[in-house]
Amino acid sequence: MLSIKNLHASVEGKEILKGINLEIKAGEVHAIMGPNGSGKSTLSQVLAGNEAFEVTEGEVTLNGENLLDLETEERAREGIFLAFQYPVEIPGVSNLQFLRTAVNAMRKHRGEEEMNAAEFMKLAKEVSKQVDLDPSFLKRGVNEGFSGGEKKRNEIMQALLLQPKLAILDETDSGLDIDALKVVSDGVNALRSEDRAILMVTHYQRLLNHIVPDYVHVLAGGKIIKSGGRELALELEEKGYGWLGIKDEETADSAAN
Amino acid sequence: MATTDKEVNELIKREYEHGFVTEIEADTFEPGLNEDVIARLSAIKKEPEWMLEWRLKAYRRWLEMDEPDWAHVGYPKIDYNSISYYSAPKRKEDMPQSLDEVDPELLKTYEKLGIPLHEREKLAGVAVDAVFDSVSVATTFKEPLAKAGVIFCSISEAVRDYPELVQKYLGTVVPHGDNFFAGLNSAVFSDGTFVYVPKGVRCPMELSTYFRINAANTGQFERTLIIADEGSYVSYLEGCTAPMRDENQLHAAVVELVALDDAQIKYSTVQNWYPGDEEGKGGIYNFVTKRGACIGKNSKISWTQVETGSAVTWKYPSCVLRGENSVGEFYSVALTHNYQQADTGTKMIHLGKNTRSTIISKGISAGKSSNAYRGLVKFGPGAEGARNFTQCDSLLIGDRCGAHTFPYIESKNKSAIVEHEATTSKVSDEQMFLCRQRGIDPEQAVSMIVNGFCKEVFKELPMEFAVEAGKLLEVSLEGSVG
Ligand SMILES: Nc1ncnc2c1ncn2[C@@H]1O[C@H](COP(=O)(O)OP(=O)(O)OP(=O)(O)O)[C@@H](O)[C@H]1O
Ligand SMILES: [Mg+2]
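So the sequences go chain by chain: E and L. For the first sequence, the numbering used here gives the first residue as 1, with consecutive numbering after it. For the second sequence, the numbering used here gives the first residue as 258, with consecutive numbering after it.
FYI, nobody ran anything at the bench for these hints, they're computed from the structure. It is possible that part of the hints are untrue.
Unchecked claim - Selected chain E positions facing chain L (in silico; Cβ < 8 Å):
1) Thr-72
2) Ala-76
3) Val-88
4) His-109
5) Gly-141
6) Gln-158
Note that CB positions come from ideal geometry on N, CA and C, so glycine has one too.
Isolated chain E (complex conformation):
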């Protein structure tokens, strides 16, 4: 489904991604771990098409199609979804209106009828229950005054509504209490399917108890330095990143996690 070859990207002239190679097939769940500042969010943002980052080398294809040629919104309509590490607020725009606009943009792209307000309201209420968000959150401004955990659940709610082909989840587990972690994991597991792939960035192996990945990759210094199965995460938890030969500066913050 997604194929990343020798991807280099920089921001403000500074190279962050230094040759990423990754193959993700439909139905798979990949976890990306790695020290703070290693480029995990950058990779997520680059895949989603954030223009703040410049791709300097390499290629990315989604189902054979050159992803890098597409605008952000086109990528989204092709099925790329990014759950943000730090979801931004849009004051005054109700979550409901925002979500309906998004869902209808996707539907329009697929040549389907737009959903009217009443139909959408019904659907949105169901999905909000699924992530344990009170329907009153639909009326509030997008992420406006949401707690950290509520923002994360709101992101998963959006993934459930938009039914993407590739869901990139950037630290969706950070800042969640134990119950919320369960709710979010259930949400992600509900997304799992034969024709969908999930790429999730996390610092915690405990998430992987809930969402069992097929592959685990370690991203450090802008490169994937190790890949393995589920057990790699356990090993990382035990030993930290040091044994992989990562330089000190790159592990400096990771202990804090």
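Use these hints to put chain L with the ligands onto chain E, whose structure you have.
Showing chain L with the ligands alone in chain E's frame:
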């Protein structure tokens, strides 16, 4: 940054929807202004002698006044002798008595503007006074309104038919010498709307005036007077558009509202005069004086305005809160782009005890435009227990535009309370990225974000207009993104 700037450059290349010209034969005065011109104008309108005297007095006063230069706007000097002060479509009869007698060409014009003048159509719950250049061409729903005792007619008719009301109130809220543009208007106003709602009557429908400038080289000087007698209520809306022309055109209106004891007036404006082109060529100079007097106790005047058009806007709908417990409100959205300039805001003059006022101003600037909020909150010595709340928010789109806030507070009463909040924000790259990541077009994203920013004001608009206003913002920000 990259995304937003590029988008904004594209966004400001929007099309003005109402820029067409109606081909219609008109009687138009030669440009120029002197006492003869005013006398001719008065004669055409078959005005009584007192009205002409009133105009001449204003004219003489105006000659001694200076054009204001304190506003945060710049425009070339206006030559008041190069403007024509009267232009009206030719008509067979003196006055159209019914809609059937209105020139079909005019009906078509209003149809095209989305304001059908047939009483059964879309705006079935709204009575319209259609003002075309210098004259009112039709007023709908006159009869049902008359049954309720409401007078809704052009000001020219009111001068002839209700002289005692007009004489009693005209110029009491905005006197001749108030300011330069109000003085000019008093001398040469050619038409406008008159409303009188009698004691205890709740006006059964929304009243509205649709102003259209069509002729070239003419100015539009309309005068609106609304009187809400004791315990009455009226909601009034106005809309305005003009053709696209390379020359600037002057629109200098005066609106006076009078609310007696326990009366309420809700006045809404959606202003969409031609703003000029991308290079800042052409467009309307919108120099308007709007003021309401809450004379009676417990009276209330509420201004809501959505200002998206005009090359230069100079406008401060205000409330003089004289009556005890009277309330003044000002809700404003002002959007500027390209080279548009707006200096707008309000004045809340608290004179009576326990008077209250609320100001919510939302300024949106895009392109190279300049958007200023200017507001005065004043408490007289008698304004015991009075209070004001002001919230003034600016939203910047791109980084070549400017937003300015000039709040003035004068208090002669120690018990008066003012609360003031102000924010400036930008449509951020992160917000745009979030929207686009969810599949939303950049254009739609900007308009959604801007609409969200304006929500508090839009909810004050009557239903019909709230939708219109939302759409208008969308159109104003339209222009595909590369
Ligand atoms: N807009 C930007 N301007 C400058 N530097 C940036 C920008 N965005 C990211 N970086 C830098 O790129 C590097 C990688 O950041 P990134 O957010 O991808 O790390 P991460 O692996 O997601 O870290 P964390 O685990 O803390 O979330 C960091 O050094 C960061 O400071
Ligand atoms: Mg990160």
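**Message:** Output the indices of the hints that this structure fails to meet, ascending.
**Reply:** Violated hints: none at all, because every hint is consistent with the structure.
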